[in-house]
Amino acid sequence: MNTATPEAPAVREGPTAGERFLSGILPENPIYRQLLGMCPTLAVTNGMQPAMTMAVAVLFVLTCSNLMVSLIRPLLKPHLRILVFTLTIATFVTIVDRFLAAYVYEMSKALGPYIPLIIVNCLIISRCEVCASKQGLVTAGADAVGQSLGFAIGLASLATVREILGAGTWFGLRVLPEMWPDWVLMVLPPGAFLTLGLLLGLVNWYSARRDSGSAAA
Amino acid sequence: MEYIGELILIAVSAALINNFVLHYFLGICPFIGVSRKLDMAFGMGCAVTFVLAIASFLSWTFTYFILRPGAPLTTWIWQAASPGTEVVPDLSILNYLVYIFVIASSVQFVEMYVRKFYPALYKSFGVFLPLITTNCAILFACLEIMKNVSGAAPADVWGLDKSLTLAIFGGVGFTIAIMLMAGIREELDLCDVPKAMRGAGITLVAAGILAMAFLGFTGVDRSLAALLMD
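Quick note, the sequences are listed as chains W and V, same order.
For the first sequence, the numbering used here begins at 1116 and goes up steadily by one.
For the second sequence, the numbering used here begins at 227 and goes up steadily by one.
FYI, nobody ran anything at the bench for these hints, they're computed from the structure.
These numbers were taken from a predicted model, which means no experiment stands behind them.
Among these hints, one or two may not hold up.
Once the Cα atoms are required to be at most 30 angstroms apart in a straight line, the calculated DSS-like pairs of lysine-lysine come out as [said to hold, decoys possible]: (1) K388/V with K1224/W; (2) K263/V with K349/V; (3) K388/V with K1249/W; (4) K1192/W with K342/V; (5) K1249/W with K1192/W; (6) K263/V with K421/V; (7) K388/V with K1192/W; (8) K373/V with K349/V; (9) K263/V with K373/V; (10) K342/V with K1224/W.
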């Protein structure tokens, strides 16, 4: 079958590649809208560097497993579906884990168990289930990249707030004056919960305001 | 005495000091999703503890006998297949795949058991029971066991006793955290929360304050160790 020239389908088969890509970034942002992948979100955002490493790892794993699941989707059996997804994901996570341990050993030590824990990140399983197991290669790939970008934006916003307030730095570079008293709490676990809760409130408040504004206009 | 002391240290550390939810951020999905009612939170905590115990028993067995570098069973098979070679067989690249397989099958087993013997509980769990498969807490316990079995020096390799202590008390810590949260949320229902913060927002802020309280346990392990090891 030639996928390059799509024949007009009689029944619309879910969103197109472009829609999937865009919806992942803001309208269906994995962190702020779907509340998925909370565990790495909270754990690795005490600095920009670990957060961005995590974002790249998730981008690789999500893209590869979405493409793989999309390729084998005619073979999937409904009751064994989730198991196949997790085993596929576990394979790619093993690759990332070994790669990080070989080339950026310090970062791999700092992230510790959170790299293998990508296997049970609900975000990736939910994308395999919602998109890749139903749609073609191009759509699945676009969806994976879009969702990963949304995930990266979420991680970056959280890590920016926490690193600047907690250590006065951003990506390890000094941004606040030396006299800034570091809020150590922000890089400790409670800071993660508080920041995410407040940012979530902010996003809800802003989108509610924008919606009511556009309704009035 | 030293043996009991070590076990107590692991237990207290897993349940309170390094609480799975409030220190390692594991199992946040059920923590936010199921912590609406106290009895459901208790059921969820028990289910997670049960699965933790089964999964860590299995993963310790697999890691110790098959997966770690120089594991007895693998070495024996290797020697039988090609006698006289000096290679130490290492299957640890398969770790993650094996753990996921073990967890998925333990969850399947618990689900069948609960459906058969506690149908009411099964109904109230709804979608969350299969979701235990993707509960980070369980894979995390397997990974901790892996770190202490295949990564440790021969003298420090954890036995089954320590692994099970970690898993069960990690589960107890999860139950404590999720039940505290359920108690708070039952009260929150009566409060006038700002519209934007309703649901996950206020839950996360409450969890942050709870985590601050749990920070108070930092350092308890050191004094406890001094007390028990003397």
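Determine which of the earlier numbered hints do not hold for this structure and return their numbers in increasing order. 3, 7, 8, 9, 10
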